[in-house]
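Place chain B on chain A using the hints.
Protein chains: 2
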Amino acid sequence: MDTCVITFLPDNKKGRVSKGTDILNGAIAAGVYINSSCGGEGVCGRCKVIVKKGDVKSEPTGRLTKEEVQKGYVLACRATIHSDVEIEIPPSSRLKDQQILTEEAKVERLKGVFSEAGEVERGIELEEREIFSHSPLATKLFLKLPPPTLKDNVSDLERLYREVRRKRDIPILQTGLANVKKMARLFRESNWQVTVLLGKRNGTTEIVLIEPGDTSGRDFGLAFDVGTTTIVAQLVDLKTKKTLSTKAAYNKQVSYGEDVITRMIYAGKEAGLEKLHHLVIDTLNGLVSAMADELGISLNEITCIMCAGNMTMAHLLLRVDPTYLRREPYVPTANFIPVIRAAEAGIKINPRGLLECIPGVSSYVGADIVAGVLASGIDEEDALSMLIDIGTNGEIVLGNKDWLTCCSSSAGPAFEGSGVSCGVRAMDGAIQKVEITREDFQVKYSTIGGAKPIGICGSGYIDCLAELFKAGVIDRSGNIKEDITSPRIRKGKEEAEFILAWGAETETGEDVVITQVDIINLIRSKGAIYTAARVLANKMELELADIKKIYLAGGFGNYLNIEKSIWIGLLPDLERDRFKFIGNTSLSGAKFALLSYDAMVKAKEIAKKMAYIELSVEPAFMNEYTGSLFIPHTDIDRFPSVTEKLSL
Amino acid sequence: MDTCVITFLPDNKKGRVSKGTDILNGAIAAGVYINSSCGGEGVCGRCKVIVKKGDVKSEPTGRLTKEEVQKGYVLACRATIHSDVEIEIPPSSRLKDQQILTEEAKVERLKGVFSEAGEVERGIELEEREIFSHSPLATKLFLKLPPPTLKDNVSDLERLYREVRRKRDIPILQTGLANVKKMARLFRESNWQVTVLLGKRNGTTEIVLIEPGDTSGRDFGLAFDVGTTTIVAQLVDLKTKKTLSTKAAYNKQVSYGEDVITRMIYAGKEAGLEKLHHLVIDTLNGLVSAMADELGISLNEITCIMCAGNMTMAHLLLRVDPTYLRREPYVPTANFIPVIRAAEAGIKINPRGLLECIPGVSSYVGADIVAGVLASGIDEEDALSMLIDIGTNGEIVLGNKDWLTCCSSSAGPAFEGSGVSCGVRAMDGAIQKVEITREDFQVKYSTIGGAKPIGICGSGYIDCLAELFKAGVIDRSGNIKEDITSPRIRKGKEEAEFILAWGAETETGEDVVITQVDIINLIRSKGAIYTAARVLANKMELELADIKKIYLAGGFGNYLNIEKSIWIGLLPDLERDRFKFIGNTSLSGAKFALLSYDAMVKAKEIAKKMAYIELSVEPAFMNEYTGSLFIPHTDIDRFPSVTEKLSL
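Chains A and B, in that order, are what the protein sequence lines are. Read in order, the letters of the first sequence correspond to residues 4 to 651 in my numbering. Read in order, the letters of the second sequence correspond to residues 4 to 651 in my numbering.
Because the hints were derived from the structure by calculation, they are not lab data. Fair warning: there could be bad hints in the mix.
Chain A is nowhere near these chain B residues, computed Cβ spacing over 10 Å in every case [said to hold, decoys possible]:
#1 Cys7
#2 Arg66
#3 His85
#4 Leu144
#5 Thr152
#6 Gly275
#7 Ser301
#8 Gly506
#9 Ala507
#10 Glu508
Not everything, but these chain B residues come out facing chain A in the computed CB check (under 8 Å) [said to hold, decoys possible]:
#11 Leu321
#12 Phe339
#13 Glu617
We put the beta carbon where it would ideally sit given N, CA and C, even for glycine.
Here chain A stands alone, though its shape is the one from the complex:
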């Protein structure tokens, strides 16, 4: 088959693909990320690129203007290459280094596990008794076996089991044929001094590995937060419990859709599942080898992995078809996934190393949320607490040490910078903070990394909405008051819009705006989350005011302005000190479970304990939701502090 070289500008990255391949696939081959939120369907119009050189055939599309077509723009997903080509990725289509959250949840409760790390910062006060033991998913144990004699002539395998059981209380011990085969020679050549790796596997303990001599000092594990957009990995010394490295990368699947629904749909296409599986595994392997290289650790010394991710990511990670997650009655293939060898999923660590996944609860409340509860510890608190993880879906958990209930609310992707006209992910150049003066609508903004604006990310939109409301640019329904005279307010192509940054200031040269439709979308998103929280509380015959602590988790959480979130009615109007940011609890939870079997047992208990409420069949949800489509709410009495400030 003919192959062509595809070169991406401005980074000059090259890839080789067969003739007829589309540019989006060419980008993957070249290791280049192109924005795309529809999964290559030609619908979102985000993957615009400019053909600089070479033979490219593209389909007609309504997503490109005449001017763009004249300048050589094509949609990467709808254009195939038929010679060596040079393609320029304009700033709007570029996925830059994201403001990736690699911090783990900094909660005090697990100081037993993390005492060395000194990472205690904020969190929950818990007593010593609740600290998890140090008992990793896989542990190395050095053994000096007594050599056999005529009087002590038990077989090699029973000799090994006997010695392990002298040191550990393990009722069901097993090992595979591979170890049995090499055992006799290995024992004798290593003078009966060996290291075994004991892995906890589905209710039994497996002798995973047998190595000559004492290698117990070199035993490493990985915790993964497998996110839809971003994958964060930590390499942990299983013996000292220290985190040696934390790295994050885009999930390579992003070129096939921004949200889990698009991924599920793509997985249903021919070879789609295979492709998405390989992309996420590639991402993981890239992170692992980068960390291992930096630290001088051999992949063979990495013996186990603990993963947390939403249910779609968990399915794709293991190459399990996610199709049924999105079909009523929304059933996952497995909430509790058996422990497997990492190699079975294609992850390159020790070939016999183990992979475990934190369990999930339902199709839309996955392991990331269970890990969040584990890390936050709300399942052990007397006080009523709530955990909110804001993303495309807003997952919410409510409860205390006696009960837990949860739901998932389709907030839509607006807070992730998708489905809104100038939305971008939280990357360099994204506007994240906004202030608007009441008098003359002067705008002060700041971007991530201080770069020229390229768009607005989630926290920027929340600020923006609150400021537009406070400045009187929009009314309580979110309508832009078109009678205001200001150069920043204008009639756009089809609707009114507010200009946040002028083209002269921006990276793309185009104005960064928030449109009337954007505002409506954002109000719907915030309304969905608020309503979900309230319906969940009401379902338990409680009021939001009864909640003593609200934990905000997820990458987005840490950059949220609580004051402004309350102003727009995203968060309930409670004393500000009831809110706590706890960062990437998905990653923290995974690390806890990696380092402590008790934590994993706890995670399983949490997953079983969490009662899932399907909001789409709750009549109260729709009734409540309509009322939430105002700023901050139809029933303004629910937001006394906002009312008070408004009256000032």
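Okay, now just chain B, sitting in the frame of chain A:
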């Protein structure tokens, strides 16, 4: 590489091998069995063949006479082929269809398991309570899963587990990723009606397979007696407990040595282990596919295997190096081998099907003996019993329901027809019964299959020794009385010999004789077994006369003449009704364990309970042994019935 066609006469079987291959390997390629007891070392001189056509290069050897060399004889193991060749296998080198014992032990105790088979014949009287339950290694279970709803939305895997646990009490249930991957689609396409195969695996239960619809009526298993010489297989309907087919075949390893020691040595050579492993697996696969074909059973419907074999065979079966079995302190790699997939060993049944091995006790008391105890039930009897399995090693178990002790005695291969001048295995043409008149030394013999004599097998040698002694041809030391005038007694090449069959009567045209050296070898063999039995009893401060029942097991067992065995001092002189033949208990034990988890648990208890006595370090053994090198014994008072008959 050049290849040559090798044709074996008289059967005209052909094989293709590369130039330079030796004839012994050529025979394996052509599926032809050639006698060989030294493992292709050029030492035993048994693999004589005649080159009829083609270019064969052979090494000089003292194992061939000048006449033989002139006639074109070569040793198959020492001659390589360099063109297309035709090779004749003379009768003495042929391995004919063996008188293979395919009957299972016909013991009453397991009538619960075997009630349908109606095979109760002889055996042990036991009470109903001791009957094992019907609970095979793997069981199919048909399930109608309730389809998921919004109210009952547990995941597919938990739904499956829940339904299994409604029907079975299983605490630790696990399954592999392969099943998880296909589960969602399979459940929906089969309308939530599926059959699972539940396998008992190292203390847990595995969902081995998931099949659409109800396939629970088609579930088959295999029991194997993996013998050094012969492999016997039974195909069993796991649901009805019926044995559908029994087949036996030579272990294809026989061309690499007759006994386990030779095999172990061969396994230590380059690629030797690999080769022996493949040969035994080939043999097994041949038996399985033959049985499955005949019965119209698909290999996929065969879901589990239970194996019993001596420790060397168990190691070779799993491609585990047996080297250390024969090195002091004689330690096996594993007495208790983990349950694996049959495919891991290369056995072709359902690719996910399970393979379990009955546990062994030590390097020289293997699973075959444990299976023997299981089948005979001596571990549950009040009365003191002994199990004797006579082969190259004579394995002996002594005990009752409170204790078991065992040993292995190197009887040498004489009773297997090896290491004696006219010895053959129990095959067509083997002399198996002999009578010699006292007056004129007339010989009456009978052969297996009524064919012309080709040699003498084990039972023939026992008869022969007893008859020679009773006829006064040999004295109590076994010396041939050379002063007797009879054409049947003559000075052979180096020593005196007795002619059993004249050349005119035999297949080979040569006399079938028993030589002075043969007699000494046979006396050593019988002495070793008797002494082992006595030392074992004495070790427990018991006399042989205290033993209430002696079970004779193994292929050889059933053809043994008890009266004559006592005459020569092989068996102790006890009331004849204390002796019972129980046939191939290795196979029966395997079948019991295949069909009943209780039986397998019992087998493990037996293996743990059996205290192994290493005779080579027992001072009493050597002292006793010397006394046993007489007919029947130095201390003739131990054989009162023989003394009485001698005095008549």
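Quick rundown of the hints versus the structure:
1. Cys7: Given a closest Cβ separation of 35 Å, the condition holds.
2. Arg66: Per Cβ check, arginine 66 of chain B is outside 10 Å of chain A; nearest 34 Å; holds.
3. His85: 37 Å, holds
4. Leu144: 19 Å, holds
5. Thr152: 5 Å, violated
6. Gly275: Check passes; 15 Å lies beyond 10 Å.
7. Ser301: 25 Å, holds
8. Gly506: 50 Å, holds
9. Ala507: Fine: 54 Å to the nearest Cβ keeps alanine 507 of chain B off the interface.
10. Glu508: Fine: 50 Å to the nearest Cβ keeps glutamate 508 of chain B off the interface.
11. Leu321: Cβ of leucine 321 of chain B sits 6 Å from chain A, so the hint holds.
12. Phe339: Cβ of phenylalanine 339 of chain B sits 7 Å from chain A, so the hint holds.
13. Glu617: 6 Å, holds
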